[in-house]
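K.L.:
Read off the chains here:
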Amino acid sequence: MSHAHAVDRALVVVSFKRRLAYKSQWALGLALGGGSMLIAMAMWHNLLGSGTLAGYDWDSMRAYTIIGFVAATMVFGAADFQMADRILDGHIAVDLTKPVDFQRARAAEYIGSMISTAPTAVAGVLGAWLLFDPPGPATPLAGALTAVSFALVFPLAFGITYLSVLVCFWTKRYLGVMWLREALLSFFSGLMIPLAFMPGWLQTLAWALPFPHFTTTPAVIYLGRVDTAGALGLIAAEAAWAVGLWFLGRLVFRHAVKKVTVHGG
Amino acid sequence: MPILEARSLTKNFRRPDKASGFKGAVTHLMQRKYKNYTAVNGIDLSIEAGESVAYVGPNGAGKSTTVKLLTGILKPSEGTVRVMGRDPHAERIANAHDIGVLFGQRTQLWWDLPVEESLKLLKHMYGVSDADYRARIARFDALLDLGEFMPALARTLSLGQRMRADLACALIHDPKMVYLDEPTIGLDISVKDRLRAFLREMADDGTTLLLTSHDLADIEEVCERIVVIDKGAIAYDGPIRQLKAHYITTKTVHLFLEGPADVPVLAEKFPDYDWAAGEAPSEVVVTYESNRFTTAEVLGSLTSRLAPRDLSLSEPSIEDVIRRLYAGELTE
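Chains A and B are the protein sequences, given in the same order. Going by numbering that gives the first Met the number 0, the first residue of the first sequence is number 0, and it counts up by one from there. Going by numbering that gives the first Met the number 0, the first residue of the second sequence is number 0, and it counts up by one from there.
Any given hint might turn out to be false.
Claimed, not checked - Here's a subset of chain B near chain A, in silico, CB distances under 10 Å, partners left out:
1) 25
2) 88
3) 102
4) 119
5) 125
Everything labelled a hint here was simulated from the structure, so no lab data went into it. Keep in mind it's a predicted model, so treat the numbers as computed, not measured. Even for Gly, the Cβ is constructed at its ideal location relative to N, Cα and C.
Isolated chain B, as found in the complex:
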């Protein structure tokens, strides 16, 4: 049985429909108008225990709303959610015992208290035993270096420290299902690396993870499965590997020639490849289908016949694929 199952999950919101300026404000005061919009539109999602799933989409796609529906914060307008067999909104407290949640943009630390006090309060809330608490804090300290700022007031922490402390707060009760909503937002590369290593270890240990992020490196490093959401609906759901294999079908070579590049002539000479001018006059961009030609073949024919001064090879990243998915250029 899946640990999480959502069926036809939908959330509608009502937004004031207000014209701009003073006139708009006065008109809205006299005659209130609202517009309904659908943030999440009939999502079906099923997650098995131990899976690590990336949930991605452009800003305003409905990612955070979905997370809030799955964690029981919001009540669905339509559809159902079951997390470990429970309705997370109706059985909020029971559900909260088994889940861990991190909102990258909202801290759960008590702002004017030392980090340690927040963690101790959560220990009480979740009924964590002294021995478990000590063991987990020791583990978090080893992986996230908590010790250095445990006695510091939360409001004095740097963003990186705050996020590490928040992660410890989300995991202090060893939850079975963990939701991480943009856990690396605003962090520098070294803190991101450390956080990702920690998340990878968690995933390897069998914790079920649902991760939303705009940073695709988070996703590639931590998750095996990716769900792409756009305009409230799922645009892709499957293994990251498959997404790449399915959509990354071309590769690109940048050639730097001795003289200026004449694209039409080159295109006539090598009709199997796509040719485009590069940024510099002597640069030319060659795109070929990776399932028709091997890189060795392409490079062999180009270098022997054109003798370029230099070349570089690039492969479309998962980022490009997702950008094209968002733009509606790709369909499943």
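Extracted from the complex, chain A is given alone in its bound form:
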């Protein structure tokens, strides 16, 4: 294992342990995420009954809602504030004296915090499985590709979060940026309502953004709403976003770091 990988792993582990220190966060994540999932289930059950809407029936909607819950738990439970706070309170000065690539270190920490949401996600999915008995993946291959698409959520979520955190160098505030990001993500990922329910132009707009890969991509692969070639295309697009945002992050940081103005002490 190279030195850089050892540092990555150490940062992932440390970030995971830091989240472990706050066990109530898991319980809260489960209560909030699980609660939202239950509300969504009740709403879709009421809305769909025995019919279908834009190709979704109650059966597929149960699986869709659970997939949305997993994506939301991974993304909303991660440590974005930790990253933003260090820029805003000047601790970035300390980070910049360390012999590690700033972005890579933040990515390792962020992914560690995403991994720490696993207990919440697993408990929520198990509970939902027992309560709602959703259908399995369309095919075993679709199941495997769904897992690949979920794996890509890690770098993708980091890319979007990191860019939004870097905006703090200019705005000097994070809350508004976070709200905007979360609103865009909730809406354009299909987490609130499936993109298929939206008018064509809005769907086109959504697919021009990275957000659909948080719920819609794994859901449509899982449910077999796209064939294998379509699934691979979506995964390629998701990977391309992850890579593109990584390099965009590098570019923005190069400018942002010139804006570091840590006053006093």
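Following the hints, position chain B against chain A.
P.N.:
Using the frame of chain A, we list chain B on its own:
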């Protein structure tokens, strides 16, 4: 070749120019105005390997900004810095391997983890071998008593413990060049003493040190050279010894007489000295030039002719000199 060399180092910042109150806030929203100010103004600084340099100045003089420029955190607006031949901002990661930094006001410990975990993470970051890590931790433990709080969560440490742990973090990779920005701020006297002893040992071992502090005892005990900065520019750069010899040219005797002191009469009697009234009616303060008169001469003439009840002798401290340098009363 110097280990650190800064030439015409300058840093300008932009600050919002906002009037106070609601009106000021609204006006600033409509019409943003900024003021440029220069935090560091054309500093030339050269430090040889093994030197221990104190970098002092009043609040807002530009000390911390200089440290951030020298460590690569900030990009200079003008001028150059070279640390071991590298540009610390452009070659930040390579530079970071060779330097150790302590910001007294910002911890580098991971707040919600035991101290030991922070140190282990830094061990990975700097690629410190297991054997070196163990040896250094043992040394820090002997000098700083780390053992007692290694398993404690960083957020539960007292300020003194936190600073000791932070110092270990800054030095775990045995850096060649160490920057300490107010390492004793807020510490009690016993922790300060321990920290100073540790820093002195480091300096004696040949580590190059740049220390900023408002506590001049830190400086006198640890450093040989002092750089005084004021309003972003260097006001003095030289050995501490020389600063004292150059500027501390007077000494003071406080005399306590039997009756009330009559200053004009005394001044007439001893025209070579400066006379001033003391705090008590019977107290009088005599100042004399230490290069013209020896203390024995002065005390001899005063005691034989005035027969004071008591007396005390004081010498201006480095603190007085620096206070006068800040006030612009002294020039090089």
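K.L.:
All the hints need checking, so say for each whether the structure fits it.
P.N.:
So, going through the hints one by one against the coordinates:
no., hint, result
1, 25, "violated, 18 Å"
2, 88, "holds, 9 Å"
3, 102, "holds, 6 Å"
4, 119, "holds, 7 Å"
5, 125, "holds, 6 Å"
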